[in-house]
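Colleague: Take a look at the letters that make up each chain.
2 protein chains.
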Amino acid sequence: MVAEPAAPGPVLVIGAGLVGSSLGMALSRAGVDVTLEDLSRSHALVAASLGAGHVSAVVSDDIAVVVVATPPSNIADVVCRALERFPDAVVTDVGSVKGPIADAVAQRSPHFARYVPSHPMAGSQFTGPMTASADLFRDRTWVITPSAGNTEESLDVVRGLARLTGAVVVELDAELHDEAVAQVSHVPHLMSILTASHLRGVPGENLRLAGQGIRDVTRIAGSDPGLWRQILTTNAVAVREELLEVADDLAYLIRVLDHPDELEAFLRIGQHGAQSLRGKHGQEPKDVVSVTVEIPDEPRALGRLFGDVGDFGFNVEDFELTHDAVREVGYLSISVERPQAEQLRANLVGRGWKAWSHSGA
Amino acid sequence: MVAEPAAPGPVLVIGAGLVGSSLGMALSRAGVDVTLEDLSRSHALVAASLGAGHVSAVVSDDIAVVVVATPPSNIADVVCRALERFPDAVVTDVGSVKGPIADAVAQRSPHFARYVPSHPMAGSQFTGPMTASADLFRDRTWVITPSAGNTEESLDVVRGLARLTGAVVVELDAELHDEAVAQVSHVPHLMSILTASHLRGVPGENLRLAGQGIRDVTRIAGSDPGLWRQILTTNAVAVREELLEVADDLAYLIRVLDHPDELEAFLRIGQHGAQSLRGKHGQEPKDVVSVTVEIPDEPRALGRLFGDVGDFGFNVEDFELTHDAVREVGYLSISVERPQAEQLRANLVGRGWKAWSHSGA
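Keeping their order, the protein sequence lines are chains Z and G. 1 is the number of the first residue of the first sequence in this note's numbering; add one for each residue after it. 1 is the number of the first residue of the second sequence in this note's numbering; add one for each residue after it.
Okay, chain Z solo, but in the shape it has when bound (with noise of 0.2 angstroms):
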């Protein structure tokens, strides 16, 4: 559906972080001549020690690409100063919020129509150039929010580049892209944060009986604090508001800790939540069905039934074990997406199995 984009000609990134390296390291592996900034100069001394690009103390005026990958307090004035240094350059930068971004370069930049506002949804809960792959873009979501002025050219030239490091491109308007952001990366970040501060006050011999349920639960509070802290208050009204709603949440969910309904129907949200986001990483939520087979109550049943399955090669999202009490029989669910169903459904009866398909919860 997209034509393969050419290497674009000579790139620079300004800011040698995690993400800046990485996307050197990225680009530098496809062919891309890169050229690295960093206020530090060890730190664009060791991402090009990476292989992240080359540092020059005069850069050369053909660049066709400039990278912004500062942190976020300063993205504006940086992008600002290179539609200056550059005027041939189309500038981009990886900013995890756009909306404020895109505004502040169209008030103070003339040449704001050459600025194309991104952000690649990659990072880690470490900081720096050390921490840098060539990878970390693979199969990631980079988004981009064209603003007023862009041209098709502008917005294929970053779309290119974000397509040589292995990102899957989404277009959206900077104001839905910061919603989005607030519910599924800020508010998780924070929510992370809260069960982590909480620790504070649990005496050091009770983290003994911590399993890995509160370290997943917490791995993103390790994240640099300093980024943090400029990626939410640029991002604070979105933020707000969703948190306004799980303070309201909260509220409920200690109301009726000890009503078992009412807490097991919000553990099911929950649950049907954690579902949605199941699958890959930036993939849309997959359309699963499930195919159910009865499983006869003999021994053995089921490891000739998970042999046949394996047989059949296709590939299982998730499957359940279930139980009818009053017939005293098992039931496997075995969910595979939608156009696999029928399928199996009949691969199963072929081999002498009692099974039906129909659609997930």
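For the record, the hints were derived by calculation from the structure and aren't laboratory data. Check the hints yourself; a few may be wrong.
Any copy will do: because identical chains look the same in the list, a pair fits if it lies in one copy or spans two.
To be verified - Below, a list of computed lysine to any residue pairs in the SDA-like style, where the Cα atoms sit at most 25 angstroms apart: (1) LYS354 with GLY307; (2) LYS354 with GLN343; (3) LYS354 with GLU262; (4) LYS354 with THR131; (5) LYS354 with PRO110; (6) LYS354 with GLU337; (7) LYS354 with GLN107; (8) LYS354 with SER333; (9) LYS354 with PRO339.
Everything numeric in this text was worked out from a predicted model, so none of it was measured.
Go by the hints and put chain G onto chain Z.
Modeller: Chain G in isolation, oriented as in the chain Z frame:
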């Protein structure tokens, strides 16, 4: 410090769900004779077919240990019945809340002294025997909360059983246990639920922007609501107390969202909490010390440094690159366990680096 436990006599596991089946598999692998019982005969047969033990119409009366691994809401009943059925057996359970169960057994059974309450801290977001694993308990914490009347012999039987599965035994007062699991397990679970349930108001297309962070935070929200309903209502008093503190924190967070300094201070408390959980499952937080090395501003310096650190063969827990803007010089902080720090520093100095060690924050 502890003698290797003798393999116990025949074990009866009541409840062939994820934990009961996994326990049966771990004990069978260790050479223990395991009988399985489940209200659902097909569940017990599935577990048996996976190597978790055998299913018999009549359970022999030489059972030495009964492990009750049923859903939390009927553990006390099943424990009382087992104390009656097997007059010479030690009876234990795997329930994740201990005080209320121990109290109920003490009130209802004259044989309560043979009941040793315990809680292996292992599980997953899956349920049922099909996702069982003989390694579920390896390196995990298995809490025993000795109750009034437990003899040292009874306690030793359960300690031995737990160690046979590869778990690490921790003994705690039941009330302290219940407070600790509220803090490190039940509250984090509900924070995951709150994050996931908040997605109910999020347009499906916004989920395209979801990355690994929200997936980690919401993973445990996918767990069985029916099981968690029982766990949470049983421990509602302790959980409510913690959640009220979280609600205060959330209100504070909403207030400071656009006050950068206060916000960053709170993010740092969260980061510190997340760091306190580092290290392997169930181990105490490590006593980690940073060794800082000055990186000369020259190409390949960092590569040489990595090479040297690799040569020394220390187990690096973490590292961070920092930069002194005034002196235009970079530093690498390498975190290692305290006993290794001085040797690492000496080795680095021996190869010509400027290095010193200091306790981490």
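Colleague: Against this structure, judge whether each hint is valid.
Modeller: Taking the hints in turn, this is what the structure says about them:
In this assembly of identical chains, LYS354 and GLY307 lie within 25 angstroms of each other by CA distance solely inside one copy; the values are 16 angstroms within and 61 angstroms between copies. For the identical chains of this complex, LYS354 and GLN343 are intra-copy neighbours only, at 14 angstroms inside a copy versus 66 angstroms across copies, given an alpha-carbon limit of 25 angstroms. In this assembly of identical chains, LYS354 and GLU262 lie within 25 angstroms of each other by CA distance neither inside one copy nor across copies; the values are 36 angstroms within and 61 angstroms between. For the homomeric pair LYS354 and THR131, the shortest alpha-carbon distance between copies (23 angstroms) is at most 25 angstroms, but the shortest distance inside one copy (52 angstroms) is not.
With identical chains, the CA atoms of LYS354 and PRO110 are never at most 25 angstroms apart, being 70 angstroms at best within one copy and 49 angstroms at best between copies. For the identical chains of this complex, LYS354 and GLU337 are intra-copy neighbours only, at 20 angstroms inside a copy versus 58 angstroms across copies, given an alpha-carbon limit of 25 angstroms. In this assembly of identical chains, the alpha carbons of LYS354 and GLN107 never lie at most 25 angstroms apart, being 67 angstroms within a copy and 48 angstroms across copies at closest. Taking the closest pair of Cα atoms, LYS354 and SER333 come within 25 angstroms of each other only inside a single copy of the chain (12 angstroms); across copies the shortest separation is 61 angstroms, beyond that limit.
With identical chains, the CA atoms of LYS354 and PRO339 are at most 25 angstroms apart within one copy only, with a shortest distance of 20 angstroms there and 62 angstroms across copies.
Against the hints set out earlier in the document, violations occur for numbers 3, 5 and 7.
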